[in-house]
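Positions in the sequence shown are counted from 1; adding 30 to them yields our numbering.
Mixed in with the good hints, there may be bad ones.
With a straight-line Cα cutoff of 20 Å, these simulated PhoX-like cross-link-like pairs (lysine-lysine) come out [unchecked claim]: (1) 58 <-> 75; (2) 75 <-> 59; (3) 32 <-> 85; (4) 75 <-> 63; (5) 75 <-> 85.
Don't read these hints as lab results, they were simulated from the structure.
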Amino acid sequence: RKQLFQVVRIIVQLNLYDDPVYQFVMRKKAEGKPYYVYMVAGCNKLLRIYYARVKEYLAAENAN
Numbered sequence: 031r032k033q034l035f036q037v038v039r040i041i042v043q044l045n046l047y048d049d050p051v052y053q054f055v056m057r058k059k060a061e062g063k064p065y066y067v068y069m070v071a072g073c074n075k076l077l078r079i080y081y082a083r084v085k086e087y088l089a090a091e092n093a094n
């Protein structure tokens, strides 16, 4: 969990406007969610994106 929080915190600190995790976290923050809530939501979003990319990569490898 600590590493996930660090990654999301860096994404927010670097103002990566085109990053979907950044956009999601900023939307939750604008909704008035507490810090821990929007950071956990950002971590979950990051994990979903990561899992989808790994799954896509493995499917492409198995197709070859």
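Cross-check of the supplied hints:
1. Annotation: proposed proximity of residue 58 to residue 75 holds, straight-line Cα distance about 12 Å (limit 20 Å).
2. For the hint linking residue 75 to residue 59, the alpha-carbon distance of about 14 Å falls within 20 Å, and the restraint holds.
3. Restraint check for residue 32 and residue 85: not satisfied, since their Cα atoms lie roughly 24 Å apart, outside the 20 Å limit.
4. Of the supplied pair hints, the one linking residue 75 and residue 63 holds, its CA atoms being roughly 16 Å apart against a limit of 20 Å.
5. Distance check on the hinted pair: residue 75 and residue 85 sit about 15 Å apart at the alpha-carbon level, within 20 Å; holds.
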